[in-house]
Amino acid sequence: MNPIVLFFHKTGSPPWFYRFSGKLIPWLWTICLLLTTVGLYLALFVSPPDYQQGESVRIMYLHVPAAWMSMMIYGFMAIMGFIALVWRIRIMEVLLISSAPVGAAFTLIALITGSLWGRPTWGTYWEWDARLTSELVLLFLYFGVMALYSAFDEPRKAARAASLLAIVGAVNLPIIHYSVEWWNTLHQGPSVTASGSSIHPSMLWPLLLMVGASKFYYGANLLSRARLRLFQQDRRKRWVQDVISKDQV
Amino acid sequence: MSHTPFILAAYAATAVVLLWAALSPVLQRRSFTKELKARKQHMDNKT
Chain R
95 MNPIVLFFHK TGSPPWFYRF SGKLIPWLWT ICLLLTTVGL YLALFVSPPD YQQGESVRIM
155 YLHVPAAWMS MMIYGFMAIM GFIALVWRIR IMEVLLISSA PVGAAFTLIA LITGSLWGRP
215 TWGTYWEWDA RLTSELVLLF LYFGVMALYS AFDEPRKAAR AASLLAIVGA VNLPIIHYSV
275 EWWNTLHQGP SVTASGSSIH PSMLWPLLLM VGASKFYYGA NLLSRARLRL FQQDRRKRWV
335 QDVISKDQV
Chain W
5 MSHTPFILAA YAATAVVLLW AALSPVLQRR SFTKELKARK QHMDNKT
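Keeping their order, the protein sequence lines are chains R and W.
Its first residue numbered 95, the first sequence is counted upward by one per residue in the working numbering.
Its first residue numbered 5, the second sequence is counted upward by one per residue in the working numbering.
Keep in mind the hints are simulated off the structure, nothing from the lab.
The beta carbon of each residue, even a glycine, is placed where N, CA and C say it ideally should be.
Some hints could be false.
As the list claims (entries may be wrong) - In silico BS3-like links for lysine-lysine, alpha-carbon gap of 25 Å or less: (1) R:K331 with W:K50; (2) R:K117 with W:K50; (3) R:K340 with R:K251; (4) W:K50 with R:K251; (5) R:K251 with W:K41; (6) R:K117 with R:K251; (7) R:K340 with R:K117.
Unchecked claim - Per the computed footprint, the stretches of chain R lying under chain W, defined by three or more beta-carbons under 8 Å from a beta-carbon of chain W, are: (8) 96-103; (9) 168-181.
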């Protein structure tokens, strides 16, 4: 069998996923911590203040990665929801619902840091502008997915309902992304695009390091939550009993 | 206007949210494992 196909087949097995993710998580946390340490050092002590925003630009090193992650994680959830609905892969259901609290945490950070940046820069903590409002809607969508999942007793039924909401809610992602172009908003347009960046390298590097750190944070946190959820769902199964008796939790 | 309080508040809020999100599965796992182990021991003692 093709090694990639074999890997996906193995990933579908909860005991294999549990063991594999257990080995991967410490590496993901280590890389996340290294990137965060270097990124924060450059962001707080090396990068210069912005000529317009002044020192408040340092909030951007948190706000931008969090905002990007909030959208990326929801996009992943929609894809996982689609796979879970079409192919009924249980690991995808577990990954989807385990992603929701991490995505909600990043969305909350994007909103809080954006608000704290807005006060000294725009003169207000909040404005009902298209970008801010659509990001708030994204937070409610995350809460909605979690609440809907919790409303069912049977995890597979719950996951199907949450998958549907994740797919439907994905319509908000292009609205968030293009809101600064479709409407006349207070929020600035994108500074980093696929074609390049208008940010000076002294500011771009700490930003990219923090973006990298946020991705590894998501990976490590997602796998920790997915392992726990699998463990809880399969608590009566043989492999969980084996893990407990061998003390390999 | 000094930007320092806003920067500190932003970094503190981010740290709190990310630490909570990272620690909550660890704490849940710990209490769940303890519960499972206690249940297993109870069953072993019964038999």
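Structure-based check of each hint:
| no. | hint | result |
| --- | --- | --- |
| 1 | R:K331 with W:K50 | holds (20 Å) |
| 2 | R:K117 with W:K50 | violated (35 Å) |
| 3 | R:K340 with R:K251 | violated (32 Å) |
| 4 | W:K50 with R:K251 | violated (35 Å) |
| 5 | R:K251 with W:K41 | violated (29 Å) |
| 6 | R:K117 with R:K251 | violated (30 Å) |
| 7 | R:K340 with R:K117 | holds (16 Å) |
| 8 | 96-103 | violated (count 0) |
| 9 | 168-181 | violated (count 0) |
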